[in-house]
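Enquirer: What follows is each chain in one-letter form.
2 protein chains.
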Amino acid sequence: MKKVVVIGGMAAGCKAATRLKRLKPEYSITIIEKKPFVSFGTCGMPFYASGDVEDFMALATTPWDMVRDEHFFKNVKDIQVLTNTEVTKINHKDKIVFTVNCQTNDEKLIEYDYLVLATGAKPVKPSFPYTESEKILDFHNPLNAKKFKELAQTGKIGSVAIIGGGFIGVELAEAMVSLWGIETYLIELTDRLLPQTLNKEISDLLVKTLRNEDINVYLETAVESIVVDDSGDNKVLLNNGDSIITDLVFICTGVEPNTDLAKMIDVNTEKSGGIQVDEQLRTNIADVWAAGDCIEIKNLITGNLSFCPLGSLANREGKVVAESIAGLATDFKGAVGTNSVKVFGFIVASAGLNENSLKTCEMDYSCVWGTFYDRPDYMPDSKILFGKLIYEKKTLRLLGLQIAGRGEVTRYIDVFSVFASKHGTVNDLIEFEHAYTPTHSSPMSPLNLLGAMAVSQELDGIICANPNELDNFDGTLLDVREQSEILSFKCEGNVIETSIANYRNIIKDMDKTMSLLVVCQKGPRAYEAARYCKHLGFEKVKYLGGGIQLAKQMLDRAE
Amino acid sequence: MKKVVVIGGMAAGCKAATRLKRLKPEYSITIIEKKPFVSFGTCGMPFYASGDVEDFMALATTPWDMVRDEHFFKNVKDIQVLTNTEVTKINHKDKIVFTVNCQTNDEKLIEYDYLVLATGAKPVKPSFPYTESEKILDFHNPLNAKKFKELAQTGKIGSVAIIGGGFIGVELAEAMVSLWGIETYLIELTDRLLPQTLNKEISDLLVKTLRNEDINVYLETAVESIVVDDSGDNKVLLNNGDSIITDLVFICTGVEPNTDLAKMIDVNTEKSGGIQVDEQLRTNIADVWAAGDCIEIKNLITGNLSFCPLGSLANREGKVVAESIAGLATDFKGAVGTNSVKVFGFIVASAGLNENSLKTCEMDYSCVWGTFYDRPDYMPDSKILFGKLIYEKKTLRLLGLQIAGRGEVTRYIDVFSVFASKHGTVNDLIEFEHAYTPTHSSPMSPLNLLGAMAVSQELDGIICANPNELDNFDGTLLDVREQSEILSFKCEGNVIETSIANYRNIIKDMDKTMSLLVVCQKGPRAYEAARYCKHLGFEKVKYLGGGIQLAKQMLDRAE
Numbered sequence: 018m019k020k021v022v023v024i025g026g027m028a029a030g031c032k033a034a035t036r037l038k039r040l041k042p043e044y045s046i047t048i049i050e051k052k053p054f055v056s057f058g059t060c061g062m063p064f065y066a067s068g069d070v071e072d073f074m075a076l077a078t079t080p081w082d083m084v085r086d087e088h089f090f091k092n093v094k095d096i097q098v099l100t101n102t103e104v105t106k107i108n109h110k111d112k113i114v115f116t117v118n119c120q121t122n123d124e125k126l127i128e129y130d131y132l133v134l135a136t137g138a139k140p141v142k143p144s145f146p147y148t149e150s151e152k153i154l155d156f157h158n159p160l161n162a163k164k165f166k167e168l169a170q171t172g173k174i175g176s177v178a179i180i181g182g183g184f185i186g187v188e189l190a191e192a193m194v195s196l197w198g199i200e201t202y203l204i205e206l207t208d209r210l211l212p213q214t215l216n217k218e219i220s221d222l223l224v225k226t227l228r229n230e231d232i233n234v235y236l237e238t239a240v241e242s243i244v245v246d247d248s249g250d251n252k253v254l255l256n257n258g259d260s261i262i263t264d265l266v267f268i269c270t271g272v273e274p275n276t277d278l279a280k281m282i283d284v285n286t287e288k289s290g291g292i293q294v295d296e297q298l299r300t301n302i303a304d305v306w307a308a309g310d311c312i313e314i315k316n317l318i319t320g321n322l323s324f325c326p327l328g329s330l331a332n333r334e335g336k337v338v339a340e341s342i343a344g345l346a347t348d349f350k351g352a353v354g355t356n357s358v359k360v361f362g363f364i365v366a367s368a369g370l371n372e373n374s375l376k377t378c379e380m381d382y383s384c385v386w387g388t389f390y391d392r393p394d395y396m397p398d399s400k401i402l403f404g405k406l407i408y409e410k411k412t413l414r415l416l417g418l419q420i421a422g423r424g425e426v427t428r429y430i431d432v433f434s435v436f437a438s439k440h441g442t443v444n445d446l447i448e449f450e451h452a453y454t455p456t457h458s459s460p461m462s463p464l465n466l467l468g469a470m471a472v473s474q475e476l477d478g479i480i481c482a483n484p485n486e487l488d489n490f491d492g493t494l495l496d497v498r499e500q501s502e503i504l505s506f507k508c509e510g511n512v513i514e515t516s517i518a519n520y521r522n523i524i525k526d527m528d529k530t531m532s533l534l535v536v537c538q539k540g541p542r543a544y545e546a547a548r549y550c551k552h553l554g555f556e557k558v559k560y561l562g563g564g565i566q567l568a569k570q571m572l573d574r575a576e
Numbered sequence: 018m019k020k021v022v023v024i025g026g027m028a029a030g031c032k033a034a035t036r037l038k039r040l041k042p043e044y045s046i047t048i049i050e051k052k053p054f055v056s057f058g059t060c061g062m063p064f065y066a067s068g069d070v071e072d073f074m075a076l077a078t079t080p081w082d083m084v085r086d087e088h089f090f091k092n093v094k095d096i097q098v099l100t101n102t103e104v105t106k107i108n109h110k111d112k113i114v115f116t117v118n119c120q121t122n123d124e125k126l127i128e129y130d131y132l133v134l135a136t137g138a139k140p141v142k143p144s145f146p147y148t149e150s151e152k153i154l155d156f157h158n159p160l161n162a163k164k165f166k167e168l169a170q171t172g173k174i175g176s177v178a179i180i181g182g183g184f185i186g187v188e189l190a191e192a193m194v195s196l197w198g199i200e201t202y203l204i205e206l207t208d209r210l211l212p213q214t215l216n217k218e219i220s221d222l223l224v225k226t227l228r229n230e231d232i233n234v235y236l237e238t239a240v241e242s243i244v245v246d247d248s249g250d251n252k253v254l255l256n257n258g259d260s261i262i263t264d265l266v267f268i269c270t271g272v273e274p275n276t277d278l279a280k281m282i283d284v285n286t287e288k289s290g291g292i293q294v295d296e297q298l299r300t301n302i303a304d305v306w307a308a309g310d311c312i313e314i315k316n317l318i319t320g321n322l323s324f325c326p327l328g329s330l331a332n333r334e335g336k337v338v339a340e341s342i343a344g345l346a347t348d349f350k351g352a353v354g355t356n357s358v359k360v361f362g363f364i365v366a367s368a369g370l371n372e373n374s375l376k377t378c379e380m381d382y383s384c385v386w387g388t389f390y391d392r393p394d395y396m397p398d399s400k401i402l403f404g405k406l407i408y409e410k411k412t413l414r415l416l417g418l419q420i421a422g423r424g425e426v427t428r429y430i431d432v433f434s435v436f437a438s439k440h441g442t443v444n445d446l447i448e449f450e451h452a453y454t455p456t457h458s459s460p461m462s463p464l465n466l467l468g469a470m471a472v473s474q475e476l477d478g479i480i481c482a483n484p485n486e487l488d489n490f491d492g493t494l495l496d497v498r499e500q501s502e503i504l505s506f507k508c509e510g511n512v513i514e515t516s517i518a519n520y521r522n523i524i525k526d527m528d529k530t531m532s533l534l535v536v537c538q539k540g541p542r543a544y545e546a547a548r549y550c551k552h553l554g555f556e557k558v559k560y561l562g563g564g565i566q567l568a569k570q571m572l573d574r575a576e
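Protein sequences appear in the order of chains A and B. In short: position in the first sequence from 1, add 17, done, that's the numbering used here. In short: position in the second sequence from 1, add 17, done, that's the numbering used here.
Chain A extracted, bound-state conformation (with noise of 0.2 Å):
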């Protein structure tokens, strides 16, 4: 009979020790978790804050109504938990781990044959100053998520600022506003929400949502200091000279991979600090695993290591640990970090990856931008949809996708995914077969649209321009919308108004070497009006990706 010893309990270790029983039913298995709580949906926190989620125990909850604590995890799954334990230090010569009680302080040593790793992330210290201070909490530790809602709930809290704007601190923003009605900043030292993972002109669509619903967005600024004043206000510093007074603050400020006690018995990390490990999540340290937060895996697209925190990839990695060390056939190959938000009905989601990180891999890539209808426009219910495709000119391989509405998102960032990691080509989108039918479908799907829009440019030519160039192109604008519409936003700088009835007529006796961006309100009329500027001999023309439509969106939020 082997035993098991699973350090941490969250969703790779509760994965990893329940799938392991099921394969090894003889295995004596246990989890050991420093929190009070194991098998916690911490994705759920945010929820919890909002009030959408009442009880906090409900994250730690089976569908059938049972707290899934030591009790369940021994009666039900026949696993030992050991909560509010301590892993103090590990011998892995002897395959002793030595943990202490941090309620009692009694100390405890656990034999094990095969050991696993799944101690997740912690929290970024962030590199300004502050004093420590109850009102002062990352949102990482569930506690913290209680501790919230137990002010919130006497209404002591007037005011939050989020230093940090990713996947945590947008979701924070929102549940702070949407039931508690907390007047709400969002500080974010880059140029843009969700840094990692969006290029500005896509993160611009949610910048603007939050801003909609009255929460405060500081992009481009950086804390100073949070200082805790007289009346025990946090205030905080920012680098514009401004302060902002709250009565609370989070940070939010990232993750990294907790790989203290990994280190304590010499498991390899990666130079940007997750463990390393195989396709079978094997460290270098025989018969010592690890999943979850706390490894570095494979991006798909790039072949790089890379860190990527998700519990949907933390349970898949979990499986593999428990069929590796049952001896089965089993990998996990990697991700292509495919991700999604809904914050206030916004959906933003991306896979693979973004200008920002294309940067840094040297990959010669292109762009097409697209504004499209999730179902037939003539639907009553039919919602718009943006999307940034990124593919590698000379192969047309895909490298990312960015996509936000308030429509069918996750469907086209899924397929998306599929494609993204089998190596797909732009041609694969093309030839993509949706689910079609009125009430949530177009006929054509935005997948195979990007995808046609990515061949015409790269094959024939045919560019499209970043939504930006409306702002600050230096050619010749040819608005080809109808009176109607141009009455609804009128383009500034060099513009010919026209309508795609009546383009040709102005354009065939123009001068073939001007600078042309052909504009429309969603891209397909500029698009088409754009190739049949190249057949007549112009040479530098343009079309504007996703059309006004699109660029609007980022100019209001400027307004």
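Keep in mind the hints are simulated off the structure, nothing from the lab. It cannot be assumed that every hint is accurate.
Same chains, same label: a pair holds when it works inside one copy or across any pair of copies.
To be verified - Computed cross-link-like contacts, DSBU-like style, restricted to lysine-lysine with a CA-CA straight-line distance of at most 35 Å:
| hint | residue 1 | residue 2 |
| --- | --- | --- |
| 1 | Lys-507 | Lys-41 |
| 2 | Lys-217 | Lys-400 |
| 3 | Lys-41 | Lys-411 |
| 4 | Lys-350 | Lys-411 |
| 5 | Lys-557 | Lys-569 |
| 6 | Lys-110 | Lys-52 |
| 7 | Lys-19 | Lys-411 |
| 8 | Lys-551 | Lys-569 |
Got chain A; can you put chain B on it based on the hints?
Expert: Chain B alone, transformed into the frame defined by chain A:
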């Protein structure tokens, strides 16, 4: 300058013409259409009938409010459109199309270099006799949708019989009830709705949805005849001896390829009726292409030809025809028949083969069934999804998926569509990386779980039982649900009621040769317990796929 004639002005024809014009602006292109309109969104007709779409011509209008009529095609697209024009003859030797204007009877010859047949589909003539009447309509002709709506608006339609429970019949049933409150009878010959794509147990979910909305669904019921009685009402005589008297009858008994013109010039058709084309959608006759509902395409799973009349495919086929005529490298490889429908908020989607279609293929397949939350169960708006996965036993190749529910359905059918079209296996489902966030996903997606269930079934012998076995299993049921769950639905027959925490104590002394069906609410607990039973040495054990929750839908229906 080449002359191109396109016969048929709906999705495939218009797409071929407009795409070709963009590629070859110098070509002269003519679209000939018998109806008074072109580029009409026929898939939107049920939503026009229901009142969701108010204006008939909205189905032929651009997003910038321009009706896609002859003038639009001339001025905007530089394409000639002849509506109300029938092709009476084709002389392919001299490349001449003979036409007659249905309103003026003017005859006209049109020469071509390239011909595109996009003649679509036509309603299948029903096998039962009926009187020709203004109140017995097909729903293929858009003008019949208009006719219905005019009648409905006068309040003169109190009851409708819809004959045929395919996609149109089902969508139409919703349309009758949702706004108009019409007493509706839906009569289907087979034992299920959407008989081409669904198996009975998944169709049952749809039947229940419709019956909950007071639609009278008759299954396994043939119409013997329709007689118009003296008061002008329709009397629909059924083979069970009943008759239904309604104000209006819609005959929705399916469509078949419209190949009358194709046959005139010896274009080859398939046994099943559609035009035979190669991967560039060329017919056997030089310079004649075909696209849309008049052709047969390759089923990418079986390699066999099939008739797949979907607007999404028609668009993609039109594009390929244009590219082929323009001399570009292009192809249309085929389809897996991905489809979906949404009625009363309930989505049913499928792709690939079902058990009925498989019976004609001689493939050795297995199935698994599952019930899932589409997002974590702690999220207040998580929805139940039901799924049935079919795969080839020997190779684990994906053969079909049927999935239904009120939540995130479309993404999973789209992803399955991609894997199936690339000859993927159940392992691809396990490795599928979806966009996880609690607002719209669970950490493990239904596809991850269905894939894992299939592998457990094939490699470990953990057998998933069809939900309808709950009703007719002749061994012992082992119910591992909690008492509170059992109270809400008690299994009948030879049942051992225990719980997931206690079943180990119960089974350890039981006779290992007995036949066991383990059941729980959704499936996972029963799966786990079945696996443990097998470990203990039980020889005949399986678990109820999708749990009581799926089986109950079907039982409720029968009540």
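Enquirer: With reference to the structure, classify each hint as holding or not holding.
Expert: Going through the hints against the structure:
1. Lys-507 - Lys-41: Between copies only: 32 Å across chains, 69 Å inside a chain, cut-off 35 Å.
2. Lys-217 - Lys-400: both (22 Å within a copy, 34 Å between copies)
3. Lys-41 - Lys-411: between (49 Å within a copy, 26 Å between copies)
4. Lys-350 - Lys-411: Result: close both inside a copy and across copies, 25 Å intra and 24 Å inter.
5. Lys-557 - Lys-569: within (24 Å within a copy, 65 Å between copies)
6. Lys-110 - Lys-52: Cα proximity of Lys-110 and Lys-52: one copy only (27 Å, versus 83 Å across).
7. Lys-19 - Lys-411: This pair counts as between: shortest inter-copy Cα distance 33 Å, intra-copy 52 Å.
8. Lys-551 - Lys-569: within (26 Å within a copy, 62 Å between copies)
The structure meets every hint from the earlier list without exception.
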